[in-house]
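Build out the structure end to end from the sequences listed, making use of the hints.
The opening residue of the sequence shown carries number 1005 in the working numbering; numbering runs sequentially from there.
Don't read these hints as lab results, they were simulated from the structure.
On a predicted model such as this, the values are computed, not experimentally measured, just so you know.
What follows is a set of in silico ranges between Cβ atoms, one per label pair, in the way DEER data are often shown: (1) GLY1260 with GLU1207: 43 to 53 Å; (2) LYS1086 with ASN1063: 20 to 30 Å; (3) GLY1260 with ILE1030: 45 to 55 Å.
Okay, derived cross-link-like pairs now, BS3-like style, lysine-lysine, Cα gap no bigger than 25 Å in a straight line: (4) LYS1293 with LYS1267; (5) LYS1125 with LYS1086; (6) LYS1372 with LYS1006; (7) LYS1125 with LYS1006; (8) LYS1086 with LYS1006; (9) LYS1267 with LYS1254.
Beta carbons are placed, not taken as given, at the ideal position from N, Cα and C, and that holds for glycine.
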Amino acid sequence: MKVGITGADGLIGWHFCCHLLTLPDISIVTANRTTFSSPESLDRFVAQCDVIFHLAGANRGADADVEATNIQLAEVLVASLKRCDRQPHVLFSSSIHQDRDNAYGRSKRIASQLLQNWADKVGANYTCLILPHVFGEHGRPNYNSVVSTFCYQFANGHQPIIDRDGDLELLHTSDVVDAGLEAMWSASGGELRPAGRRITVCEMLTELSLLDDHYRRGIIPEFTDQFSLNLFNVYRSYLYPQFYPQSLVKHQDDRGGLFEAVKTDHGGQAFLSTTVPGITRGDHFHFHKVERFLVVSGQAEIRLRKLFSDSVETFTVSGDQPVFIDMPTLHTHNITNTGTTELLTFFWSHEIFDPENPDTWSEPVMRKNESS
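Here you go:
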């Protein structure tokens, strides 16, 4: 199956691509602004797709521009579907604002109706995902979500300020993806309204402030539910890479040395591993797991790459000066013994490993053309 993603560079589109990467027998086809710039390039995209997630759009800017952009994107997509005589299952990311009489809401409502009219006429399947306030790792501050803005400010040492409180319904991108993929696999059409966490802006800021305070004091906070874990991972995504590696205080006396590897409010799982010289461990990523790498003895390089990026971050670490690096979600990572002696590494994750749901997905850090 070939699944097309419009707006693949956006917050929701990138998260869809990350999840689709883990599914067997799925090919991802993406469309960006360049694709929409000419009928020929858009037709090449459409002609390949069995399913299209239409996620491209504008939600910030002048009212007239936002309204025109969202409607035009739907119009040109429908025109391409007609030219190519294709009837893929189309899933569109709308918003709870579609019920409001403002530029953004009208644009989403009209775009959805254009796609629905096309589907009705040709007998295609159409799903409208009506989404609340979406937040996720690597959202753009001051654009995607107030959560992104606050996390960015905390990560850069600033205290967020609330101009006025308000009600939010926060839905993590992984929940958006789950709803979309469930509709895709079941071939169900119509409207879907996945529910988020209802919370005020002040309550969300209080929770983020506690996460920031704990983490900067070296404590992994307790995750009372999936929402608090998601919020913590989004917060951490703005700390990477400048926050790492984090040095640990090594207490030394005539008996030897001691340092605190992990402090946490809830537990998890820890283990030690040995690695012979020249060997690499890892080459996988996680969607939710909080995982810490800490070299106890030996020399190593820890490498990370954000999914669908070519940029690799490398940290040189040593047991002589203990530091930890917490792996950001949606980044593939590995560790290589670069020394001449056995490497001893301490690993910790916030949850006990479950082989039925490991949240560990293979993906090389170094792509073939980079490995040399």
